[in-house]
Structures are given as C-alpha cells and as structure tokens.
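J.: Chain by chain, the residues run as shown.
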Amino acid sequence: MTVWIAGRISENMTDSIQVTVRCFAGLKEKIGKPEFSLVLPSGCSCATFKEQLVAFYPETSVYSSRLLVARNGSYLNDADLINDRDELACFPPVSGG
Amino acid sequence: MTVWIAGRISENMTDSIQVTVRCFAGLKEKIGKPEFSLVLPSGCSCATFKEQLVAFYPETSVYSSRLLVARNGSYLNDADLINDRDELACFPPVSGG
Amino acid sequence: MPSKTDSSTGNENDDGQIQLSITRVPIDYSALTESVRSNRCGAVVLFLGTVREITGEKKTASLEYEAYEEMAMTELRRLIELARQKWPVEKVSLAHRVGHLDPGDIAIGIAISTPHRREGFEAARFLMDRIKETVPIWKKENWADGTTDWVHPEE
Amino acid sequence: MPSKTDSSTGNENDDGQIQLSITRVPIDYSALTESVRSNRCGAVVLFLGTVREITGEKKTASLEYEAYEEMAMTELRRLIELARQKWPVEKVSLAHRVGHLDPGDIAIGIAISTPHRREGFEAARFLMDRIKETVPIWKKENWADGTTDWVHPEE
Chain A
1 MTVWIAGRIS ENMTDSIQVT VRCFAGLKEK IGKPEFSLVL PSGCSCATFK EQLVAFYPET
61 SVYSSRLLVA RNGSYLNDAD LINDRDELAC FPPVSGG
Chain B
1 MTVWIAGRIS ENMTDSIQVT VRCFAGLKEK IGKPEFSLVL PSGCSCATFK EQLVAFYPET
61 SVYSSRLLVA RNGSYLNDAD LINDRDELAC FPPVSGG
Chain C
1 MPSKTDSSTG NENDDGQIQL SITRVPIDYS ALTESVRSNR CGAVVLFLGT VREITGEKKT
61 ASLEYEAYEE MAMTELRRLI ELARQKWPVE KVSLAHRVGH LDPGDIAIGI AISTPHRREG
121 FEAARFLMDR IKETVPIWKK ENWADGTTDW VHPEE
Chain D
1 MPSKTDSSTG NENDDGQIQL SITRVPIDYS ALTESVRSNR CGAVVLFLGT VREITGEKKT
61 ASLEYEAYEE MAMTELRRLI ELARQKWPVE KVSLAHRVGH LDPGDIAIGI AISTPHRREG
121 FEAARFLMDR IKETVPIWKK ENWADGTTDW VHPEE
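Taken in sequence, the protein lines are chains A, B, C and D.
Quick note: the first sequence uses my numbering, first residue 1, plus one each step.
Quick note: the second sequence uses my numbering, first residue 1, plus one each step.
Quick note: the third sequence uses my numbering, first residue 1, plus one each step.
Quick note: the fourth sequence uses my numbering, first residue 1, plus one each step.
Please note: incorrect hints may appear among the correct ones.
As the list claims (entries may be wrong) - Listed below are several chain D residues computed to face chain B (Cβ distance under 7 Å; list not exhaustive): (1) M71; (2) L101; (3) G104; (4) I108; (5) K132; (6) P136; (7) N142; (8) W143; (9) H152.
What the hints assert, rightly or not - Between beta-carbon pairs, the in silico distance windows are: (10) N77(B) x T55(C): 43 to 49 Å; (11) A144(D) x D78(B): 48 to 54 Å; (12) H152(D) x K33(B): 39 to 45 Å; (13) P34(A) x G16(D): 42 to 48 Å.
These aren't lab readings, by the way, just hints derived from the structure by calculation.
Quick reminder that beta carbons are idealized off the backbone N, C-alpha and C, glycines included.
Using the sequences plus the hints, can you model the full thing?
T.: Shown next, in the form of structure tokens:
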C-alpha cells in the first residue's frame, strides 16, 4: 500500500488516502525536496504515517522515532488519525532560539 | 554619656569614644544634616550606637530597629564593636533598583 | 515553500501588546525593548540568544537557521498566550532571525514587560524554554573544520 | 557629601568584564547590552527597572533616588563577584540612576552575558534580588496627591 502517486488517487483505491507532506531542515535535506505526496492506508494514525514515510524514504530513518508532525499549525499525537487530503508538516526536533 | 561634642573629646573622658556619622535618605531628613559627630561609651557595640543615636535624635525612632550601619563600605552586625574615630554610615532599609 | 531573501514575516496582535517577527536582517533589540516599556510596568526583561563560537571542543564558523514560518508564528503566539495566563505580562516583542548567522550574531531577541521583576524573569525564562521545545525553527552548524550538522536537542 | 548634578560615578574593573555606574543622566541600555556581548556566550539578559506610575491605588508623580555612592559601588562589586562564584557570568554592565525620575524612566539597567540562558536568568535575578536588599540607594515617592514617602521594603 506504500505507493507513490504524483496525481490523484484512482477511483478503485477506496481504502487509500493521499496527503501532501511539507518537510523541513534535516528531513528536507535527506528527502531532497520540500514537498511531496504520499498515499496511506485509509484511517491510518499519525504513527503509521511516520512509519510509512520512513519506509518510503529509508534515508530518513535516523529521525524515525523523533519526527514531529503538524497539521494546520498544531502538533499531532501518534494516535491522531490522518484524513484524506491532509496537508502535513513533518520535521526533526526543533532547535531554534 | 550621650554627649554631643562638636570638637575633640577632652582628655579626662577616657571612657568615651567619638565617631563621625554620615546619614542618608529619610534618616538624613529626620536629623536635618548629612553628617555629625557622636560621643559613645568606650567599647560600645553597633547595637548600642544605634540606641544612642535614636536617644539623641528621638525623631529617628521610626527607624530605630531597622537602621543599617556600615563602616568602610561594609555592613556591621549588632554585636560588632565601635572604635574611636570610626566613620560610620547609618541609614534606613535600602530601596534602590 | 517561499524563499525570502530580504523580507520579514511579522505582525502585531489586535491589542498591540504582542509583536512578533521572523526576519533575515539583524535584530534591533533596542526597538524590541523600547516597544514593551510601559508606565504600568516596573520591569523589562530582554533576552538575547547569540551565536556562540565555541561549544565544547568544537568551533562554529557560522549557523544557518531555517523556519517553518507560518507555524512558528502560530506557535509563538500560543506560547505567549500561555505565559500571559500564568503571569501578568503586559507586552511582548519577539524577533527570530533566519538564514546565515555569524558568531556573536543575535538569533532571537525577546523583550517583555511586567509590573514586577519576579514575574518578568519567570515569564521570559518560561518562554525561552518552551520556544526551544516546540517552535519549528532549526539550526545547522557550519563547523570551522568544514563539516556541518543539523542541531537537535538531546542528541 | 558631594552633590553631583551632571556627572556619573563609574569605573571598570581590571579585566574589563565589569562596568558599573551611578548616574544622573538617562540610562543607555543599548550601550549596557552591547558592552556584554561576547562570542563566548550564547545568552544576554538585560533587566530594566522602570518607574511604575500606579502602585495599588496610589499614583506616582515622580521619584527621587539618593545613593551613598562609594558604598553602593563597593556593594555592587561584591554582589557581582558573588554571582560570578555561583554562575559562569562572562560580563556585567550595570547603571543605576539617581536624582529625579518620572514615570516610565529607567532606574536601573543591568546586562549580563553567560554561555547558556539558564545561568543568565538565574544570575540576573539573583543580582536584582540582592541589589534591592543591600545596595545603599533609596527612593522617595512624590505621590500625585502632593504627599511624599521614603520607600522601604516590608513597610
């Protein structure tokens, strides 16, 4: 189910959702681009999203357990559910200030 | 023994010492001058100095238990002994900053 | 992701008590400080986070700061509201720099005013602690030996 | 007791790390802040004590500050040395104003630099707490109703 699709989900993949991911800092450098789409199992949690992200981009595994995810400017917990067409921000632990 | 003497101690007052007192803030206002001399019993403590000061200038009694005394820029404790010709600074609790 | 080279993200909240900016130009800490002064307050605390040249045995040539600006502004605003629930904070002005910083440069400046000093120190410290935990800004060390590292706490 | 109308008592210690002044002119907090910045430090904390116009139900028209200057300088130096024994304080610049101050004016400015922020906040707070306990400087409130009061803590 970890399928990269540039465009829309085809109609028969009803048990899949697609999200847009913006990534930052070291994560953006590992992945090589600031934004991409990811197809996920329908009803998946934030924890599953992170697993799928690392599975698709194994070079990000250095961050896997520490990745932070936000939606609409608010952090998500591991148990929070991901919705179709969510725009998710994903990044390593912050180090500003 | 609480004698105000403007000049030097006379020779026969061998059990007396004389100190110069600088006062500040509200204490200076109560006493009406920034500096004066005070004759004290020889061997008197800082606590006795404060008592004598208030006895000589009763208008300072509002501060009596809270007066601070310093010599050469260092605070004295009540038990510290006063010496002949000490220059003492005396003032109410501080309120800078 | 928009790339900004000479502009700042900044705004002021409704009651004029909070000013935030994320900026690529040097931080004017005097302006931050001046903007929070108030006759209702007896205390102003300004904190500056500056680029340290030596950390342990390593020497920093420069830093690069990157921010997720929209969320950083939202998160800063949330933390300031949290501080204002805990302490009687009158005004807060905060600027975070992004881009290339040299040793000695100011990465963050935060000025707050409060009626008394105790709450000023506590609120400023609280804000800095929380900012470093949750505001999406990252720094990358360009070490003097030519290597680079993204910095993450507890590594 | 010398009366000073336009001069300052000030000096700098041997290693140039401490600057103190007692002054009748407005405090330049930017100069204080700038003087403590250091590539060895990641944190600068500036504290300003400002004249509050409203205290409880009373309104302040102005304040008069008086200092026992020689001892105040000695005591400030002693407190700063004490702080430097407890925390790795790099530089300290401090100015205390005396004479007539209006609401909003800065009575004291203290800037310190430290390697990290925790010790900066702690040392600045420690210094302000101690300064208010032992440095021989006094203030007199000129209330808006025409009365005056010398201010003493715990009254």
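J.: Under the constraints set out in the numbered hints, which ones does this structure not fulfil?
T.: Those not satisfied are hints 2, 3, 7, 8, 11 and 12.
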